[in-house]
Amino acid sequence: MPKTDDDFLGPVFERGLRQELNRIRPRNSSPRYLAPAHQHLRTWRFAPVALAVSLVSILALSASVATGSPNPVVWTQRVVTVIESNPAPTPEPGPVQPKTAPRAGSTQGPQHQAPATSKPPERSETPEPARTAEPSESPEPSDHQSGSRESADSSHTWSPPVDDRTWTSDSGPSPRY
Amino acid sequence: MPASADLDPDAYEPGSREDFDRLYRTAYPRVYRTLAAILSDPEAAEDCVQDAFVQAFQAWKRWRPDAPAEAWVHRIAVNRAISYRRSAKLRQVGEVLRRLGRPAQPPDPADVATHGDLLSALRSLPPKLSAAIVLRHYHGYNNREIAAALGVSERTVGTRLRQAGERLRAVLEPAFSLEAGPAFPSDNRELYAED
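If you read the protein sequences in the order shown, they are chains A and B.
Letter by letter, the first sequence follows residues 1 to 177 in the working numbering.
Letter by letter, the second sequence follows residues 1 to 195 in the working numbering.
Think of the hints as simulated: they come from the structure by calculation, not from any bench.
Given the structure is predicted, the values throughout are model-derived calculations rather than measurements.
Cβ coordinates follow ideal geometry from the N, Cα and C atoms, glycine included.
Facing chain A, a subset of chain B residues (Cβ under 10 Å, in silico): (1) Y24; (2) Y28; (3) P42; (4) V49; (5) W60; (6) L122; (7) Y138.
Some chain A residues judged to face chain B by a derived CB distance under 10 Å, without partners named: (8) F13; (9) L17; (10) R18; (11) Q19; (12) N22; (13) R25; (14) S29; (15) P31; (16) R32.
Using the sequences and the hints, build the whole thing.
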């Protein structure tokens with residue numbers, strides 16, 4: 001149905017409406033669609049992805065620098081090796097065997113701890129520094145090391161692991177005693 | 001202001017940059033005025049129109065000339081305005097809640113009428129109704145063009161125009177009855193609803 005000027009609201013209303021709306025002057029603002037702003041929006045769509053990628057690459061880079069290996073497997077293993085790194089400080093050949101031997105030795109020779117000290121001569125060059133680090137290994141200790149608690153305990157209360165190591169590390173069944 | 005002559009669908013080629021520039025030049029002021037009748041904030045109206053043209057520009061290649069290009073832009077812009085008003089209402093509700101029990105009273109439609117402010121009366125209507133009124137009585141769209149601009153059926157357009165007319169009549173009749181006798185001839189209402 002064609003519209004008519006006088007239908008419903010009438011010509012007076014239309015005249016008033018036109019006057020009011022014609023009074024409105026839109027600002028001469030530059031067309032926004034010409035601005036590259038909306039193109040920026042498109043690029044910003046990938047911002048989260050770019051952010052995630054950059055974060056991952058930073059983490060990977062820092063991990064490879066920290067572990068010294070670009071292999072991601074090493075990064076995860078690193079945690080495991082850290083846990084096992086405590087026993088590592090005694091990498092000397094002796095400590096490895098001790099665990100099996102100790103029990104045998106412990107039944108017989110716990111009383112004689114001093115003998116172990118005689119062994120060192122074989123390795124006198126290398127072990128010395130280690131002994132200073134581990135006072136318990138040297139049974140003589142009671143006198144030396146200014147009677148530290150550990151040495152005293154090891155001599156009197158007999159701490160098996162340490163003593164056993166010394167015994168086995170000597171690899172000689174009979175101490176110089 | 002005849003709309004159909006300016007809104008020849010054949011006048012624009014989809015995807016043509018020059019044609020879109022031309023559409024912007026001719027349609028921007030008209031669409032802006034439509035939104036000015038819906039939104040009370042001129043800056044918001046400008047924002048909505050500019051955003052509508054950006055959206056239209058992005059979809060310009062996909063535009064099909066089965067409806068007037070200006071009506072198509074109108075549709076985008078009116079939807080933007082509706083969204084804007086909805087969010088503005090939510091903001092107002094938030095402010096009312098913040099004022100704790102002392103909500104500001106909305107302006108009395110009678111006061112609006114006595115001031116003779118047609119635009120204020122239009123803005124007090126739901127945007128879908130005021131858009132239909134402006135498209136019909138300012139832009140001169142017929143029901144088919146209004147339906148294309150609002151994305152509804154022609155029957156819905158008739159219903160909206162009738163509802164909007166009744167509300168405006170209730171608000172504005174005292175002011176307009178002073179000027180011309182039967183400013184709102186009620187005998188045309190049934191014909192109008194049949195559109």
